[in-house]
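**Q** Sequence:
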Amino acid sequence: MMLGFLLLCGLAQSFQPPIPSRNPRISATALNFISDSEIPSAVPPPSGTLQQKQRPVRRSFLHQLDRFLTELQGTDLHLRNHTFLSGNFAPVSKEHVAVPVEVVEGSIPKNLDGAFLRNGPNPIRDMQRKRYHWFDGHAMLHTLMFKKGKARYTNQFIPSPRFSIEQELGEEYFPTIGEYKGMLGLMKLTFHPQLVKQKLSDLKTVAPPNTNIMMYNGKLYCLHEANLP
Numbered sequence: 061m062m063l064g065f066l067l068l069c070g071l072a073q074s075f076q077p078p079i080p081s082r083n084p085r086i087s088a089t090a091l092n093f094i095s096d097s098e099i100p101s102a103v104p105p106p107s108g109t110l111q112q113k114q115r116p117v118r119r120s121f122l123h124q125l126d127r128f129l130t131e132l133q134g135t136d137l138h139l140r141n142h143t144f145l146s147g148n149f150a151p152v153s154k155e156h157v158a159v160p161v162e163v164v165e166g167s168i169p170k171n172l173d174g175a176f177l178r179n180g181p182n183p184i185r186d187m188q189r190k191r192y193h194w195f196d197g198h199a200m201l202h203t204l205m206f207k208k209g210k211a212r213y214t215n216q217f218i219p220s221p222r223f224s225i226e227q228e229l230g231e232e233y234f235p236t237i238g239e240y241k242g243m244l245g246l247m248k249l250t251f252h253p254q255l256v257k258q259k260l261s262d263l264k265t266v267a268p269p270n271t272n273i274m275m276y277n278g279k280l281y282c283l284h285e286a287n288l289p
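Mapping of the sequence shown onto this note's numbering: residues 61 to 289, in sequence order.
The hints are simulated quantities; they were obtained by calculation from the structure and are not laboratory data. Where is the CB? At the ideal position from N, CA and C, for every residue including glycine.
Below, a list of computed lysine-lysine pairs in the DSBU-like style, where the Cα atoms sit at most 35 Å apart:
id: 1; residue 1: LYS154; residue 2: LYS264
id: 2; residue 1: LYS208; residue 2: LYS279
id: 3; residue 1: LYS210; residue 2: LYS154
id: 4; residue 1: LYS279; residue 2: LYS259
id: 5; residue 1: LYS241; residue 2: LYS154
Ranges of calculated distance between the beta carbons of each label pair, as one might list FRET restraints:
id: 6; residue 1: LEU137; residue 2: ASN171; range: 46 to 56 Å
id: 7; residue 1: ASN277; residue 2: SER224; range: 21 to 31 Å
id: 8; residue 1: GLU165; residue 2: GLY134; range: 40 to 50 Å
id: 9; residue 1: GLN216; residue 2: SER120; range: 27 to 37 Å
id: 10; residue 1: SER224; residue 2: SER120; range: 16 to 26 Å
My request is simple: use the sequences and hints to build the entire structure.
**A** Right, here's the structure in full:
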């Protein structure tokens, strides 16, 4: 086993995997919107965080090794047929800010004033190359704001360190739960802590804050069980 691992290390050092095409493979959740003249003019546009940086990426040896093992795992079919990447579980591809939402049945009480928030994993499909687990994916916060019988919808990625770094690279970099499968997954596990530390020194800031939300001291925190808010 160790001999095979050393052999793969040597191969990966000289192996330059082809840069995958950026053709979108995005499944989006459809939303019904209506025009509304009451939208304040000062509402900012979506953050534009999905615009990937188009510049060459300098990859370390461990980064190249990780990409090489990912290629050996053969993830294309896995991602294409994954239950939690399609249908009602499909990730959302676009960000919106304060968009009026059509009420398709019933009505919203006039005195309802507040918000419904949902946090959850939302992978960026055209960046995905690693094996996927339902708990993987960057954090996206969905918000429905209720006021005067109307509702407005906002959804935006949480700009965690993990999200910002992968956006800068234009590709997946950090470990996912889904890739820890079989012998190749065990081999990845042996060097992933060192790979992560090349970008983030504190391992308690690596996981995507995609599990829960909490209001504390006037601030809204996005949480993950194994990570700092």
